[in-house]
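Asks: Model the placement of chain P on the given structure of chain Y, informed by the hints.
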Amino acid sequence: MRFLIVTLISLFSISCSEKESHDASQHDSMPMVLESDAPGAGDYSIYQVESNWHNQNATALNLSALVGRIQVVAMTYTSCEMSCPRIVAAMKEIEKKANGQIGFVLVSIDPERDDVSTLAAYATKMNLAKSNWNLLTGSSDDVLEIAALLGVRYQKMPDGEFAHSNIITVLNEEGVIVHQQNGIAVDLTQQTSDIVQKLLETTAR
Amino acid sequence: MGLLMVLPSAALYARQTARTVVPDGMVLIAAGKYQALYDNGGDVDGVAVSAFFVDENPVTNGEFLTFVMAHPKWQRSYVSPLFAESSYLINWAGDTDLGTVGVDQPVTGVSWFAAKAFAKSKGNRLPTVAEWEYVAGAGQNSPRGKDEEDFERNLLILTNQPQPNPLPKVGQSEGNYWGVRDLHGLVWEWVLDFNSALITGESRADANLERKLFCGSGVVGASDFTDYTAFMRFAFRGSISASYSGSNLGFRTVRSL
Numbered sequence: 001m002r003f004l005i006v007t008l009i010s011l012f013s014i015s016c017s018e019k020e021s022h023d024a025s026q027h028d029s030m031p032m033v034l035e036s037d038a039p040g041a042g043d044y045s046i047y048q049v050e051s052n053w054h055n056q057n058a059t060a061l062n063l064s065a066l067v068g069r070i071q072v073v074a075m076t077y078t079s080c081e082m083s084c085p086r087i088v089a090a091m092k093e094i095e096k097k098a099n100g101q102i103g104f105v106l107v108s109i110d111p112e113r114d115d116v117s118t119l120a121a122y123a124t125k126m127n128l129a130k131s132n133w134n135l136l137t138g139s140s141d142d143v144l145e146i147a148a149l150l151g152v153r154y155q156k157m158p159d160g161e162f163a164h165s166n167i168i169t170v171l172n173e174e175g176v177i178v179h180q181q182n183g184i185a186v187d188l189t190q191q192t193s194d195i196v197q198k199l200l201e202t203t204a205r
Numbered sequence: 206m207g208l209l210m211v212l213p214s215a216a217l218y219a220r221q222t223a224r225t226v227v228p229d230g231m232v233l234i235a236a237g238k239y240q241a242l243y244d245n246g247g248d249v250d251g252v253a254v255s256a257f258f259v260d261e262n263p264v265t266n267g268e269f270l271t272f273v274m275a276h277p278k279w280q281r282s283y284v285s286p287l288f289a290e291s292s293y294l295i296n297w298a299g300d301t302d303l304g305t306v307g308v309d310q311p312v313t314g315v316s317w318f319a320a321k322a323f324a325k326s327k328g329n330r331l332p333t334v335a336e337w338e339y340v341a342g343a344g345q346n347s348p349r350g351k352d353e354e355d356f357e358r359n360l361l362i363l364t365n366q367p368q369p370n371p372l373p374k375v376g377q378s379e380g381n382y383w384g385v386r387d388l389h390g391l392v393w394e395w396v397l398d399f400n401s402a403l404i405t406g407e408s409r410a411d412a413n414l415e416r417k418l419f420c421g422s423g424v425v426g427a428s429d430f431t432d433y434t435a436f437m438r439f440a441f442r443g444s445i446s447a448s449y450s451g452s453n454l455g456f457r458t459v460r461s462l
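Order-wise, the sequence lines are chains Y and P. Start counting the first sequence at 1; every next residue gets the next number (my numbering). Start counting the second sequence at 206; every next residue gets the next number (my numbering).
One or more of the hints may lead you astray.
In silico EDC-like cross-links for lysine to aspartate or glutamate, where the CA-CA straight-line distance does not exceed 16 Å [unchecked claim]:
#1 P:K325 - Y:E50
#2 P:K325 - Y:D141
#3 P:K278 - Y:E50
#4 Y:K97 - Y:E174
#5 P:K325 - Y:D142
In short, the hints are calculated from the structure, not lab data.
Isolated chain Y (complex conformation) (with noise of 0.2 Å):
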């Protein structure tokens, strides 16, 4: 029993400071891409898993897609009412300095009720411009893996809506995560903002 309880105090604690943990862990673990022969191997971009899309404009496309550009990505439902349209708005806020040089990614958490014609009429009603937007809707086996990739967490609700991370992602070029933005707050879409444009100067020199 004093096992038993040992483990739980040990896996209760772990979880309620997880947030501070896992974040610096990330920053800490950051990766450049790496240089080497065996396949996969030192390649931490998100752009190597085989995952089937479909965007607003029913193109197909992969992950790998979106290679050569800056990509800020979240994971959000076009029916959800509370945080999402937050999440868009900070998206646009981050556009809107960007100056159309980075793309953006909503990758749809309710792909059942998400379909092609359902994104394209969510992009007009938010006013995203098609040339930067992307809205995917792909299989839920799919988003489950771009979840786990992104750290996203979420659950559907017995009342169809679904509870999730509010994480926002800033992908480089090669698509290896760069940064994350863990809530909505103005001063962390700031933050996020500001990592943008010191990437888009690096890229420029």
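Replies: Showing chain P alone in chain Y's frame:
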């Protein structure tokens, strides 16, 4: 057998068994309800689980070796660090060399991505939380272990034992009502939707799973206070990421009917 006849689901189970070809090494699980540890205000009868097949035993080192030999990208020195931590298959002697690790021991040190790829190669998938908990909640004589005397006490004793080193072979424990073995006390097991277990930076105040699951008084939100082993599993799932490759974590696969 007398008991089976009085359970409505048992008749259905028998019919399904009669006409369904059960894949090798797998067991048929009849449809039923899983009483979630956290019901989130949903159906009080629990979450409906459709019938499916599940591996009788956890996946072994021998089976995983066959898989990585056919799929070199999942060998230790080739696997992408995106998909597995450096502790991936660390107890093996080499990429395709088990060394002193037993062929029939449960494979551990596998990430969610690797477990998922293994399952896919078999035409299977990982079980959902609901499916896994539904199977693991069965007792010796009925699909609902909670109705049996000493069920939770026995689980606690099993879970309480330190992990033996080396791990025993799979399939040595007594099968449960479904004939599924080693669900408790051998290794933890991956589930497909492990990342639904904890929400950080959650979107809605009433969906504050992190509070419910992890911080002391939050336990009052649970549907069953006595189910300590389920608390442990939920806490564990909430604490890991998909590339985690710990020495205590294995998996088994399922197939939809």
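Asks: If a hint holds in the structure, say so; if it does not, say that too.
Replies: Evaluated hints:
1. About 13 Å separates the Cα atoms of K325 of chain P and E50 of chain Y, which keeps this hinted pair within 16 Å; it holds.
2. For the hint linking K325 of chain P to D141 of chain Y, the alpha-carbon distance of about 11 Å falls within 16 Å, and the restraint holds.
3. With a C-alpha separation of about 13 Å, the suggested pairing of K278 of chain P with E50 of chain Y holds against the 16 Å cut-off.
4. Restraint check: the Cα-Cα separation between K97 of chain Y and E174 of chain Y comes to about 22 Å, which exceeds 16 Å; the hinted pair is violated.
5. The suggested pairing of K325 of chain P with D142 of chain Y holds, with an alpha-carbon distance near 13 Å, which does not exceed 16 Å.
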